[in-house]
Amino acid sequence: MADRRPLRLVHTSDVHLGAYGSRTDERWSDRRGLMEQAFARVIDLANEVEADALLIAGDFFDNDRVSHDVVEFGAAEVNRFRGPTFLIPGNHDPMDAGRVYWRHDLEAMAPRLRIFREHGGAIMHAEELDLVVWGRAYLESDWHFRPFDGIPDRLDERWHVAMGHGHFVRADGDMSRSLLIPEEQLGALDGHWDYVALGHWEPHADVSTGGVTAVYSGAPLALSDSNRRAGWAAVVDLDGDGVRWRLERVDPRPPAITP
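Per the numbering used here, the sequence shown starts with residue 1243, numbered consecutively.
Since the hints were made in silico from the structure, they are not lab data.
Here the structure is a predicted model, which means the values were calculated and not measured.
Don't be surprised by glycine CBs; every beta carbon is placed ideally from N, CA and C.
All clues given are correct.
Derived CB-CB ranges, DEER-like:
1) P1248 with R1354: 17 to 23 Å
2) H1386 with R1359: 16 to 22 Å
3) S1418 with N1321: 36 to 42 Å
4) D1347 with H1434: 30 to 36 Å
5) R1488 with E1349: 29 to 35 Å
Taking the hints into account, I'd like the entire structure generated from these sequences.
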């Protein structure tokens, strides 16, 4: 629609709350604290830029054994964001029966949170934002899972945002990768989906293909300092001029000491 409202999103992924929970020494306790601070800064950013919606593209939790305190922290932070949050599960926090998203009622803790639970994929509507969001729930039991299998064509003229957690692979790349997102499949979304929010890679990466804007936001803070391209969140603007995005630093450490 020509008069659809401009939209601003904040996109994050691979938050890995609860990582190293079984390790009690100070080094890993400090790392967990930094990761929590980094996610809190994502929420601060979303509020500061007056984002309309927050996207969490998988691996919100690091594993299925995270404590209730970790779940409560994650839900409380999401609840600080003033708009709706859309979340897909990743390979670290799959949607299999009995797992973390079934044992804890996050939507009750954070009423504006919307979790994609359908393995076959589902569409969610935010009519007040002129927004359609699609995502699939990863199941660990599905060895051949592909994040964008079954994605529909454009429904109408509202903004269309797709979310996926997996490995993007160019046409000449390794097609045996797990959670495969082939270049051809991503390119086929052109004209149907305005922005593709990706997760699974801790480093930020722009994998836009053809006319499709597709971005890995990168982790707010990587699991290890060997990863030097994490520490960001993406701010995405959709308006009459098209789709634009930029990275904002959320690593809580001073830039001078960030690896």
